[in-house]
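Using the sequences and the hints, build the whole thing.
Residue strings, one per chain:
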Amino acid sequence: MIAGISIYEILTVTSILFFIGIYGFITRKNLISILISIELIMNASVVNFVIINKYLYPDILQGVLFSIFIIAVTAAETALAVAIIINLYRQISSVEVKDTETMKY
Amino acid sequence: MNLNYTILIPLIPLAVFLLLGIFNQKIKPAISGYIGVFGLIASGILSFYTAYQYFFIYGKVDGVYQTFVEKTVWMNFTDTLHIDMGVLIDPISVMMLIVVSIVSLMVHIYSRGYMKGDDGYTRFFAYLSLFSFSIYGLVLATNLFQIYIFWELVGVSSYLLIGYYYTKTSAVAAAKKAFIVTRFADLGFLIGILIIGYYTGTYDFETLNNPEGSAILNWASTSFMGLSVITWALILIFMGGAGKSAMFPLHIWLPDAMEGPTPVSALIHAATMVVAGVYLVARLFPMYYFVEDGFALNIVAYVGAFSSLFAAVIAITQTDIKRVLAFSTMSQLGYMMLALGVSGYDGHEGVGYMASMFHLFTHAMFKALLFLGAGSVIHAVHSNYLKDMGGLRKYMPITNITFLIAALAISGIPPFAGFFSKDEILVAAFEHNKLIYYVSVFVAGLTAFYMFRIYFGIFWGKEREYKHTPHESPLSMTFPLMILALLSISTGFIPFSEFVSADKAGFETHLDYPLAAIAIAVGLIGIIVAWIFYKKENNLADKFANGFGFLYKWASNKFYFDEIYMFVTKKILFKRVAAPIAWFDKKVVDATMEGIGNKTVVTSNKIKGIQSGKVQDYALYFVSGVVVIALVFIYLWTN
Amino acid sequence: MEKIIFYILALLMIVFAIASVSSRKMLRSVIYLLFVLVSVAGIYFLIDYNFLGAIQLTVYAGGIIVLIIFSVLLVHHIEMELEVAKTSKKILTGIICAIGLGVFLTTIYSYNFNVVENSISTTTEDIGTKLLSYGNGGFILPFEVISVLLLAAMIGAIIIAKGKKLTDKIN
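Chains as they are written, first to last, in the numbering used here: chain E, 2 to 106; chain Y, -6 to 632; chain L, 119 to 289.
What the hints contain is simulated information worked out from the structure, not anything from laboratory work. Since the structure is predicted, the reported quantities are computational estimates derived from the model, not experimental observations. Treat the hints with care, as some may be off.
To be verified - Result set (DSSO-like, lysine-lysine): computed pairs, CA atoms no more than 27 Å apart in a straight line:
#	chain 1	residue 1	chain 2	residue 2
1	Y	K21	Y	K109
2	Y	K497	Y	K53
3	E	K99	Y	K599
4	E	K30	Y	K607
5	Y	K528	Y	K455
6	L	K204	E	K30
7	L	K121	Y	K607
8	L	K280	Y	K607
9	L	K208	Y	K601
10	L	K204	Y	K599
11	L	K280	E	K30
Stated by the list, open to error - To spell it out: a stretch of chain L is covered by chain E in this simulated footprint if at least three of its residues, at any positions, have a beta carbon under 8 Å from a beta carbon of chain E; those stretches are:
#	segment
12	122 to 136
13	144 to 152
14	171 to 185
15	222 to 234
16	238 to 248
17	251 to 261
Claimed, not checked - Quick list of the computed label-pair ranges, beta carbon to beta carbon:
#	chain 1	residue 1	chain 2	residue 2	range
18	L	G246	Y	K599	56 to 64 Å
19	E	I71	L	G212	49 to 57 Å
20	L	S239	E	V74	23 to 31 Å
21	Y	Y628	L	E235	31 to 39 Å
22	E	D100	L	E235	48 to 56 Å
Ideal Cβ placement from N, Cα and C applies to all residues, glycine included.
And the structure:
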């Protein structure tokens, strides 16, 4: 509990963070930037877990534990993403999104 | 009576057809000929065995020939209305089996000589077997639909055989003409079948033909334009029969069908397929007779009489011997039709029915013989035209004798087969309708005249300049001629009325001497006139033809019927009806469909950019979608 | 006092997040992200989840950021300017995000949270016990699964990053 701060204010902040992440995910042209945006989104949701746990169900630890798992999964995901980016860079010498569009029609 | 083996009669030729058709290139011509012939021999033996069993052992119960049916349901429409497949054995189907077996076998044997060295030898025998299968199936059909299926199969094999020389433009045109004209007629047949199915609820011949059955007793229940619908159906069915049997005015395909190889003409366009129409009417004879007091049957009689006269007049003027025979066939088919038309039902009343079938039987023999003889002549002089022939009796003695026998038979001179059957027809006509009787007597005279016109023209008259000296055909060709000649002499003595009659009970017939004498006299007059005109080269015939002036010209141009049909179809149907419809189809129907297609392609090209392959774009769509759905469900979908 | 710290942290988070997604220099972008993550750790400390804050700092700030910086250094020059999206696309995305944010906030503010006043402090021991407990409400199974997942991710990352060379050797 943060004295004088209601849950609404914290959720507002995380929502803003979340949409900044989405904005970045869509507008950035670089795979690493996209990865950064994903981190933002993840963090926003992790904070939400923790805050809701603390404000609404203080006597159990579900939210905290989930946050730990999410952080672990994010770490794994980042490691894989970085590996893919490096591999891709080796093959096409670029990490721009516009160069990786083989899914196109 | 165990009928299981009769199913083999059509199936053997089918197997032969498949064998020859599939291994067309693999089989040596000589072997394929033997395969065809032996297949037919097997079917023929079974047919004769069936006939023996039926006519002499099992068939007659209490003096009436029974109808044996063996069938299985093939297609169910309702509980009562279904299409069966099976075999039906009764006097006329057995008789037809015999006719088809004999003629088909003879033609097969003959073809081995006639077609020797032809490129499509195996194909030819495959088609012949297909035809044999179809006609056997047609003869044995148990119901209207089955007969219709085989009817079309017969049409197809006829088409294939007429167009056998497919590199010849005229043959292709003739094949198409035959197919289209008969198909047009079959449209009537099909509508007739559907009407019968709708109003009587059955296609079975047995049920339909039962004089005490509901189909016949309830004919008056529904009427259309002053006639019972059943009568309309019968008239439409007769239209199909008229198409196959080349009755006026659907006859135009038959002369052109002579473009096919001569054995084909003998088998299909003389003896078997063209009598399918007669067979069809005979098959439904009780219906024709009982429904509406035989109104439809009268139409059959008049169409038959007119066709026989019409064809006989044309036959006199033709110079292509196969065409003369074609018109003669049409004329004789008219005879059979008119005999059916004037027939009664019970006992001796049904003499017309018996006479028709009898004539069908004998005609098959001597007409096949005439065609095969003509084929032998054509084989020798390489021309179809009378002007290229003459004095061949010295070179081709066997053909000469057999052709003479056939000509005498068709002219109705005793003791040849044609005399007996024709006499019965004249008796039937005399007893029922005097007008038709006079017509048929006149036609008998014309028949004798034109037959002997070509006989004298071919075998007598002046010898022409032949490129190669004509010679007698090989044994494989003359053997069938001799067999058929023998049959043309002997079949007349069969007591036919005891086997085949309308009520199936059989009756005794005796020669009606005055009528027979008239018929013989008329026939002899025809022969003598022909003898005077054509035995020696003279200009009597030409003078005579000039005397008739435009009438002769009309007749030699077949009364311009082809031209009339061409005018009607090309100038009226194609131009006034088909062309606007085609325009509508192209500009409206097709254009709409193509427009839809084009618009789809254009739109796709425009919007395919959406599928950019960029994850971010998909993410944008995804987020937008989620937002829209959230908005909808939170604010709009509240209840 | 805590209130002021929270507002400062919130302001830092939002400002650096925006900076992170709009900076045209790659490395700066990553550093801004670091600031956001640190601010998040600050929030955790504020609400008395010290262990979580520590993890946030070590795993995110210490691990992930370093990983990303490595990859940036491997594939970019430090001073390289990034391409930016078309303005129309930016505006469109901005509008959609704004609408989405509006939907979120209206939903959040219209919901009456049942807040429990408390000042329970969670110790590391509690978290450890819960994680390794196999009783009711224990998280031993997810814990094991996540450890396997981490192992798999590690191997996978190595294999992918090594790329062709490894397969060449095998062949």
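Right, here's what the structure says about each hint:
no.	hint	in the structure
1	Y:K21 to Y:K109	holds (12 Å)
2	Y:K497 to Y:K53	holds (9 Å)
3	E:K99 to Y:K599	holds (20 Å)
4	E:K30 to Y:K607	holds (10 Å)
5	Y:K528 to Y:K455	holds (9 Å)
6	L:K204 to E:K30	holds (10 Å)
7	L:K121 to Y:K607	violated (43 Å)
8	L:K280 to Y:K607	holds (25 Å)
9	L:K208 to Y:K601	holds (22 Å)
10	L:K204 to Y:K599	holds (20 Å)
11	L:K280 to E:K30	holds (25 Å)
12	122 to 136	holds (count 6)
13	144 to 152	holds (count 4)
14	171 to 185	holds (count 7)
15	222 to 234	holds (count 8)
16	238 to 248	holds (count 5)
17	251 to 261	holds (count 3)
18	L:G246 to Y:K599: 56 to 64 Å	holds (60 Å)
19	E:I71 to L:G212: 49 to 57 Å	violated (27 Å)
20	L:S239 to E:V74: 23 to 31 Å	holds (27 Å)
21	Y:Y628 to L:E235: 31 to 39 Å	holds (33 Å)
22	E:D100 to L:E235: 48 to 56 Å	holds (55 Å)
In this structure, the hints that do not hold are numbers 7 and 19, in rising order.
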